[in-house]
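Asker: Place chain B with the ligands on chain A using the hints.
Chains as they are written, first to last, in this note's numbering: chain A, 1 to 267; chain B, 268 to 685.
One thing to keep in mind: the hints can contain errors.
[As the list claims (entries may be wrong)] Anything over 10 Å on all C-beta distances counts as not near chain B; from chain A, calculated:
hint	residue
1	Arg120
2	Glu176
3	Asn229
[Stated by the list, open to error] Here chain B is said to cover these stretches of chain A; the calculated rule only asks that three of the stretch's residues, wherever they fall, bring their Cβ under 8 Å from a Cβ of chain B:
hint	region
4	80-87
5	113-119
Hints are computed from structural coordinates only; laboratory data are not their basis.
This one's a predicted model, so the numbers in the text were calculated from it and none came from an experiment.
All C-beta atoms in this analysis are idealised placements derived from N, C-alpha and C, irrespective of residue type, glycine included.
Here's the letter readout for the chains.
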Amino acid sequence: MEHATATHAPGELILRLRGVGKNFGAVTALKDIDLDVHAGEVVALVGDNGAGKSTLVKVLAGVHQPTTGTIEVQGKPVTLDTPGKALELGIATVFQDLALCENLDVVANLFLGHEICPWRMDEVQMEVRAWTLLQELAARIPSVREPIASLSGGQRQTVAIARSLLLEPQIIMLDEPTAALGVAQTAEVLNLIERVRARGHGVILISHNMEDVRAVADRIVVLRLGRNNGVYTAETSHQELVAAITGASENSVSRRAARKLEEVDQG
Amino acid sequence: MAQISQKNAATAHLDQGDSRVRHDTGLSGALRGFIDRVSSGDLGMLPVVIGLVLISIAFSLLNPVFLAPANLVNVLFDAAAVGFIALGVVCVLLLGEIDLSIGSMSGLSSAIIGVLWINTGLPLAVAIAGSLAMGALVGVVYGILRNRFEMPSFVATLSGLLALLGLQLYILGPTGSINLPFTSPLVRFGQILIMPEWLSYLVAMLPGVLIVVGAVRTNAQRTAANLSSAGMSVAIAKAVVLTLGLVFAVYYLELSRGVPWMFGVFVLFVVLLDYALVRTQWGRSMFAVGGNAEAARRSGINVRRIRMSAFVVCSTFAALGGVFAAARLASASQQAGSGDVNLNAIAAAVIGGTSLFGGRGSAWSALLGVLVIMAISNGLTLLNLSSSLRYMITGAVLAIAVIVDSLARRSRASHGRA
Ligand SMILES: Nc1ncnc2c1ncn2[C@@H]1O[C@H](COP(=O)(O)OP(=O)(O)OP(=O)(O)O)[C@@H](O)[C@H]1O
Ligand SMILES: [Mg+2]
Numbered sequence: 001m002e003h004a005t006a007t008h009a010p011g012e013l014i015l016r017l018r019g020v021g022k023n024f025g026a027v028t029a030l031k032d033i034d035l036d037v038h039a040g041e042v043v044a045l046v047g048d049n050g051a052g053k054s055t056l057v058k059v060l061a062g063v064h065q066p067t068t069g070t071i072e073v074q075g076k077p078v079t080l081d082t083p084g085k086a087l088e089l090g091i092a093t094v095f096q097d098l099a100l101c102e103n104l105d106v107v108a109n110l111f112l113g114h115e116i117c118p119w120r121m122d123e124v125q126m127e128v129r130a131w132t133l134l135q136e137l138a139a140r141i142p143s144v145r146e147p148i149a150s151l152s153g154g155q156r157q158t159v160a161i162a163r164s165l166l167l168e169p170q171i172i173m174l175d176e177p178t179a180a181l182g183v184a185q186t187a188e189v190l191n192l193i194e195r196v197r198a199r200g201h202g203v204i205l206i207s208h209n210m211e212d213v214r215a216v217a218d219r220i221v222v223l224r225l226g227r228n229n230g231v232y233t234a235e236t237s238h239q240e241l242v243a244a245i246t247g248a249s250e251n252s253v254s255r256r257a258a259r260k261l262e263e264v265d266q267g
Numbered sequence: 268m269a270q271i272s273q274k275n276a277a278t279a280h281l282d283q284g285d286s287r288v289r290h291d292t293g294l295s296g297a298l299r300g301f302i303d304r305v306s307s308g309d310l311g312m313l314p315v316v317i318g319l320v321l322i323s324i325a326f327s328l329l330n331p332v333f334l335a336p337a338n339l340v341n342v343l344f345d346a347a348a349v350g351f352i353a354l355g356v357v358c359v360l361l362l363g364e365i366d367l368s369i370g371s372m373s374g375l376s377s378a379i380i381g382v383l384w385i386n387t388g389l390p391l392a393v394a395i396a397g398s399l400a401m402g403a404l405v406g407v408v409y410g411i412l413r414n415r416f417e418m419p420s421f422v423a424t425l426s427g428l429l430a431l432l433g434l435q436l437y438i439l440g441p442t443g444s445i446n447l448p449f450t451s452p453l454v455r456f457g458q459i460l461i462m463p464e465w466l467s468y469l470v471a472m473l474p475g476v477l478i479v480v481g482a483v484r485t486n487a488q489r490t491a492a493n494l495s496s497a498g499m500s501v502a503i504a505k506a507v508v509l510t511l512g513l514v515f516a517v518y519y520l521e522l523s524r525g526v527p528w529m530f531g532v533f534v535l536f537v538v539l540l541d542y543a544l545v546r547t548q549w550g551r552s553m554f555a556v557g558g559n560a561e562a563a564r565r566s567g568i569n570v571r572r573i574r575m576s577a578f579v580v581c582s583t584f585a586a587l588g589g590v591f592a593a594a595r596l597a598s599a600s601q602q603a604g605s606g607d608v609n610l611n612a613i614a615a616a617v618i619g620g621t622s623l624f625g626g627r628g629s630a631w632s633a634l635l636g637v638l639v640i641m642a643i644s645n646g647l648t649l650l651n652l653s654s655s656l657r658y659m660i661t662g663a664v665l666a667i668a669v670i671v672d673s674l675a676r677r678s679r680a681s682h683g684r685a
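Isolated chain A, as found in the complex (with noise of 0.2 Å):
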């Protein structure tokens, strides 16, 4: 499969979504939702749990189908209606669930889909091109011979990253990439995401973790309830950031830090 690998100016916009609501039966999973993302950006989707960030990731991956609005990528409206589609114009996703199969061994996970020599697998070549992806994730992974059933949470993580970086994308979407990762993995994975965004392509980055997302975001979009609660910049405040992703001032976070600068306070 060959991509569009041209970089883009910085700045110009590759992914642009209007007005994208998705319905499952009753429940709106998300509503009007804008959101831009431009070349050599780092845009960070926060949220609550449930408010719906992995369904709007799921939506550009091809996985669902919005109910409403629009999708245009470098400038042309899309329609993504499968997953291979989103590979092909260069959108790859690291998806929450990870989606790996754990009856394949890594190699084959990673490429699965786009197997180098259809006919004929070149597993050398597949196997050389493994350790170099995951060398640059500093994974520490034993052997790729072994099925994905037998590695750890943080092992299968990076295996899910290093599949999404295989194809040279254009946007990667990374949902929650980092929450199992030690240390020094999520530094690289931190990296990386610099990496990708110097190359001049896009990332979108799901985190819960405030300081990772400050660390590397250019924008950070919030989502509340399924609709767009604002966007803000790593220069933003805590406490502003707090109360628009749980769309009050008043909350049990903001208590709680109340209460610790009380209790410091008396101590």
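Answerer: Then chain B with the ligands, alone, in the frame of chain A:
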């Protein structure tokens, strides 16, 4: 051996950076890896090989005729038809699907041969093409039922079982049985044609040669790519054992008539399907869909097309099995494909080590499994046991195979081997 592993550590291959992994080298290493795999529940072909040996010992004690070369040649003649059907079953089982109508499909296919070739007088090739086309068509229907209507393949093919049986009876008409001429090439193929002796020996030596040549080539490629290579000792040992075994088998069969062409063709198809499953993108996708269909879909695999292909391959192989069965029996009758054909084919695939739960298996399991099934059925016939007992025993063997499959699966899960 120790020197080899030290050398590996010193050159630091791309794939040996992790000190926690034991890198098995040489023969003893291969043996250790094999024992590890088996003890974690990755049984592979082991149960079926052990089963085959036990069955042979038991039956030859009960009746020495069982192991006579002439009888074994007969077993091979009988094995080809069911073997083809089992080969198709492997494909659907890999996806975690099932086809219960394979027996009816093979029966219908023999009926089509009889009607088109004998009754209508069309050339034999056209009749065969017609029954294969029918098989493919039935597979397409199952694929559509599964893909478009989300109908469980269990139900779709169960209704197919009855519908195809009905069609078979319908086209055979009131006479119900069509005899195929004994002098025709098809029946000669099914009853007498034997591979020339030199060809049998040549074919018996081929796998060993291919293993060694293949190992030399991959080792060279891996070394060039700075990956560790397995060394030649394992490949040579495998090749020697395999060649000795196969050459002895051919020698033993040549004491009687020799290796049936029918069986040779079956083995050829086993090899082809094995290549397709192990070396092509299609095969990889089959395993992926069987392991985790949603993950496969998100990787860009067209899951529906893979499912469709599996059903088509299965039904077409069942139709081919029906052609072979007609050749073997020299007739197309209402009984063709009924009785234990269905169960035998599914049992063969499962006994050979293809999991009912999807995502695990191999084309070779059809070959080994069908040998077990045919050995049992032949041994029981030699003991003059009625078919009622034969059915019960074959049923019990299938149950045991499924139990082994489930236990091994549980053990693999706890050992992290999927
Ligand atoms: N396949 C589905 N069928 C029905 N409802 C769904 C489905 N997927 C998601 N939802 C609903 O959509 C809403 C948003 O879910 P989503 O997974 O997008 O949340 P999220 O923001 O990713 O949360 P988290 O931080 O917990 O991952 C939830 O209310 C969920 O119940
Ligand atoms: Mg989520």
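Asker: Please check whether the region 80-87 of chain A has three or more residues whose CB lies within less than 8 Å of a CB on chain B.
Answerer: holds (count 4)
Asker: Test coverage of the region 113-119 of chain A by chain B using CB-CB distances below 8 Å; three residues minimum.
Answerer: Three-residue rule met by the region 113-119 of chain A, so holds; n is 5.
Asker: If I take the minimum Cβ distance from Glu176 (chain A) to any residue of chain B, is it greater than 10 Å?
Answerer: holds, 16 Å
Asker: When you look at the beta carbon of Asn229 (chain A), is every beta carbon of chain B farther off than 10 Å?
Answerer: holds, 28 Å
Asker: Hey, does Arg120 (chain A) actually stay past 10 Å from chain B on C-beta?
Answerer: Non-interface label on Arg120 (chain A) violated, nearest chain B Cβ at 6 Å vs cutoff 10 Å.
Checked against the numbered hints listed earlier, the structure breaks hint 1 alone; every other hint is satisfied.
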